[in-house]
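Engineer: So you can see what is in the structure, the chains are spelled out below.
Protein chains: 2
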Amino acid sequence: MSKSKIDPVLAHIDANIESTTAHLFDLLRIPSVSTDPRFKSECDRAADWLVQDLNSIGFTASKRVTTGNPMVIAHGRGTGTHVLFYGHYDVQPVDPLDLWDSPPFEPVLEQGDLGPVIRARGASDDKGQLMTFVEACRSWNAVHGSLPGRISLFFEGEEESGSPSLVPFMTENAAELTADIALICDTGLLGNDTPGIVTRLRGMLGEELTITGPSKDLHSGMYGGAAINPARVLAKIISTLHDDAGHITIPEFYDGVPELSSEMAGQWDGLNFDSAGFLGQVGLSELAGEKGRTALEMIWSRPTCEVNGIWGGYTGAGFKTVLPSQASAKISFRLVGEQDPHKIRSNFRAMVRSLLPADCSVEFKSHGASAGCEMGIDSPSFEDARVALSDEWPEASAFVGCGGSIPIAGHFKNILGMDAMLIGFARDNDAIHSPNEKYDLRSFQKGIRSWARILNQIYIKE
Amino acid sequence: MSKSKIDPVLAHIDANIESTTAHLFDLLRIPSVSTDPRFKSECDRAADWLVQDLNSIGFTASKRVTTGNPMVIAHGRGTGTHVLFYGHYDVQPVDPLDLWDSPPFEPVLEQGDLGPVIRARGASDDKGQLMTFVEACRSWNAVHGSLPGRISLFFEGEEESGSPSLVPFMTENAAELTADIALICDTGLLGNDTPGIVTRLRGMLGEELTITGPSKDLHSGMYGGAAINPARVLAKIISTLHDDAGHITIPEFYDGVPELSSEMAGQWDGLNFDSAGFLGQVGLSELAGEKGRTALEMIWSRPTCEVNGIWGGYTGAGFKTVLPSQASAKISFRLVGEQDPHKIRSNFRAMVRSLLPADCSVEFKSHGASAGCEMGIDSPSFEDARVALSDEWPEASAFVGCGGSIPIAGHFKNILGMDAMLIGFARDNDAIHSPNEKYDLRSFQKGIRSWARILNQIYIKE
Chain A
1 MSKSKIDPVL AHIDANIEST TAHLFDLLRI PSVSTDPRFK SECDRAADWL VQDLNSIGFT
61 ASKRVTTGNP MVIAHGRGTG THVLFYGHYD VQPVDPLDLW DSPPFEPVLE QGDLGPVIRA
121 RGASDDKGQL MTFVEACRSW NAVHGSLPGR ISLFFEGEEE SGSPSLVPFM TENAAELTAD
181 IALICDTGLL GNDTPGIVTR LRGMLGEELT ITGPSKDLHS GMYGGAAINP ARVLAKIIST
241 LHDDAGHITI PEFYDGVPEL SSEMAGQWDG LNFDSAGFLG QVGLSELAGE KGRTALEMIW
301 SRPTCEVNGI WGGYTGAGFK TVLPSQASAK ISFRLVGEQD PHKIRSNFRA MVRSLLPADC
361 SVEFKSHGAS AGCEMGIDSP SFEDARVALS DEWPEASAFV GCGGSIPIAG HFKNILGMDA
421 MLIGFARDND AIHSPNEKYD LRSFQKGIRS WARILNQIYI KE
Chain R
1 MSKSKIDPVL AHIDANIEST TAHLFDLLRI PSVSTDPRFK SECDRAADWL VQDLNSIGFT
61 ASKRVTTGNP MVIAHGRGTG THVLFYGHYD VQPVDPLDLW DSPPFEPVLE QGDLGPVIRA
121 RGASDDKGQL MTFVEACRSW NAVHGSLPGR ISLFFEGEEE SGSPSLVPFM TENAAELTAD
181 IALICDTGLL GNDTPGIVTR LRGMLGEELT ITGPSKDLHS GMYGGAAINP ARVLAKIIST
241 LHDDAGHITI PEFYDGVPEL SSEMAGQWDG LNFDSAGFLG QVGLSELAGE KGRTALEMIW
301 SRPTCEVNGI WGGYTGAGFK TVLPSQASAK ISFRLVGEQD PHKIRSNFRA MVRSLLPADC
361 SVEFKSHGAS AGCEMGIDSP SFEDARVALS DEWPEASAFV GCGGSIPIAG HFKNILGMDA
421 MLIGFARDND AIHSPNEKYD LRSFQKGIRS WARILNQIYI KE
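These protein sequence lines are chains A and R, in that order. Residue 28 in my numbering sits at position 28 of the first sequence; the count goes up by one each step and never skips. Residue 291 in my numbering sits at position 291 of the second sequence; the count goes up by one each step and never skips.
Possibly wrong hints are sitting among the right ones.
[Unchecked claim] The calculated DSSO-like cross-link candidates involving lysine-lysine, where the alpha carbons are at most 27 Å apart (straight line), are: (1) K216/A / K291/R; (2) K320/A / K63/R; (3) K216/A / K236/R; (4) K413/R / K320/A; (5) K343/R / K320/A; (6) K365/A / K343/A; (7) K343/A / K291/A; (8) K413/R / K63/R; (9) K236/R / K236/A; (10) K40/R / K236/A; (11) K216/R / K236/A; (12) K216/R / K291/A; (13) K413/A / K320/R; (14) K365/A / K343/R; (15) K291/R / K343/R; (16) K216/R / K343/R; (17) K320/A / K236/R; (18) K413/R / K343/R; (19) K343/R / K236/A.
[To be verified] Taking beta-carbon pairs under 10 Å as the criterion, some of the chain A residues facing chain R (in silico): (20) P8; (21) R202; (22) S220; (23) N229; (24) L234; (25) E306; (26) V307; (27) N308; (28) D359; (29) V362; (30) G368.
For the record, the hints were derived by calculation from the structure and aren't laboratory data. Bear in mind that the values here come from a model prediction, so they are computed numbers and not experimental data. In this text, a Cβ means the ideal position worked out from N, Cα and C, and glycines have one as well.
Construct the complete structure from the given sequences, taking the supplied hints into account.
Structural biologist: Now the structure itself:
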């Protein structure tokens, strides 16, 4: 492994961080909110900005029309392992605006707990993160006159609004988009100093159920004690979904849930995850999941069944003595391994129906179903990235899990047959999707350096 | 018992029903909505209208100022049993106005399922009902030149907005208001043909609880499976409040709940209550309360614990994978016999606290507490009324219960030491509190005749 190629690139990154940050500010000033049609032209403008920028640093970039916001595709001319980097240029809405300390689309540098932070909507999610990769390419290109290898980029502008165009576009352009491995920069550090490579994501199954008893709301004086109350029925059903040990009671629910390999368990143990801090920062002191599991197992490798919303009857101020006609809940399942979301949906619905008392009916709504996703980490790029990240950060990098669901990783796997490496530099306190979003300048600078090191590790070693 | 006094009164009522109805229309045209301060002067006008009307038929009536809407008090000059008749001249708001087929304060006669109906806000609740008694007095006075006995009237104008002035006013004017028995016309017939005298009302205890787990809403990907979910905790607690037989599990809850006397049970059986129809009209087919109880027992003589509202987490359209920080419910108890609402509140709260898992806290709000109310029906007026009503209506009258809570009856008992007879002629389909409220002309006419017969039974027999 040669260090001669990377050292001047790292030096270039550090020497130019001020102008690089100013350049990011230009992108952050474009209010590319994808959930609001009024900002459609701004999304277009952000795509144009990226196309122009990429064309200036050794890529051939173009904007691709969809029925929604455009995609940006860029290809470099290098050789070797073909990597496809993914990010999204659209951002979340800014409401409530009055909770921002400065205008969300006028980025500023402020002092944070670990040094300067870039404050703006999208600073972390995902403009700042996607630009870490672009800036690594820029510096490499500036220092060496070309990109280090065969690199493509793929940016979408609808991630914050459910990516309606993504799957059709990937399907139609599969040949162009398929590479040896995908790189995704939309995740975070573990703590402040440990970079993680996410190799497993939980899937998600969303269900909404509405239980109907009486045909209309009843007066609880006239009918109370005689008529079935769907809010009580719903509570009973929800309370039946877990046993006292925290296990989910839906038949065949645990089919396809693998036990963690001892190797992976060892890596996770090595992270010395601060379970007390993880709980403490949200006011909790005890793990409430399956008995006998660690916090990381609970959130990375075990499936869940959670109530995300519940409502029925009178919920306003004061009191109304109503026996509700209906009660509803939104319930989601996080899935792992080979759990089949469609079988679980069907078994869940059958179980709810079996628990319904006389005179009650139930209606279900589906809110998405995706299986868990586990990367095959045999590709040498995974180990390359781990070594490179460990060189850059105070703590060694590790293969980790992610409790959430990042659909793009599943799409790369299912549509294009590619594994994805999810590497990101966000911090838990970045306030993504919230007022006063920020990205540490340290995340930005060390993020750029991290990608330079990863590209160096992948290509120069070859 | 003489019939000579009553027959000409009944004839006078029937002969004058057209002008009597027109007179009611005058009162119905006054929009005396007590919940809306914009109608304060209209409430005043309704009180003035009543004062003037009562002064014209043998009473000495006056308007009494309160901090809210005025009371109307009237005394006649008769002798014998002192009865105090109660009603309220205020009405519910009319929203949504666009669901009315005719303007709510422009009363009209229309055809209903049992003959003509009077359509207007307040036609049934309570202007039409209170005027049944006034018109009985008017006819008696017109025919015999004086009232039949010692009659007082007491009208309030805040019943639909929680009666804030009522208890202070009753307390301050206890001597003037105390009579031998109170008469209240704010209830309904059983079916179409059976007049009931309500001798027991259930009390009401309202509780609102909010369970807090995490200090803020959490992402169900990041924390799901590890953090406690207060919506699940709430569901578990609610499901614990009843056992499989429908009994309420709160310690000492049934202390003071009497078994129904065999005499009363016999009267209720004699009503041939249409349990299937009662359930069927709201889309139900099975009694869902305590196993082994009849429908009338469930709603008149047994206590309840019901969820009136439940909410927590994300309840809007679509889906949000949030682990809620809080979940809340409004829970009410209907109470009977000697059940102590304060003890039940305290035992309920202790039970909820005992069911809270680690890291959860609970806050309670009180929404009123009133004990059940059972009349001592030894007073001969109860039997007088039952006989009189049975003479007027196709079916025999009975002493019945009421599943709801009518606070004024408790106030008469607790503040003035008087039992109350609740007699009313409303029908289930009167749409009180709803658009297109109506009162059957038959209810109005036979209601007036009923009160004339009751007064005859009480006084002329003496």
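Engineer: Looking back at the numbered hints, which does the structure fail to meet, lowest number first?
Structural biologist: The structure conflicts with hints 2, 10, 14, 16, 20 and 29, although it agrees with all the remaining ones.
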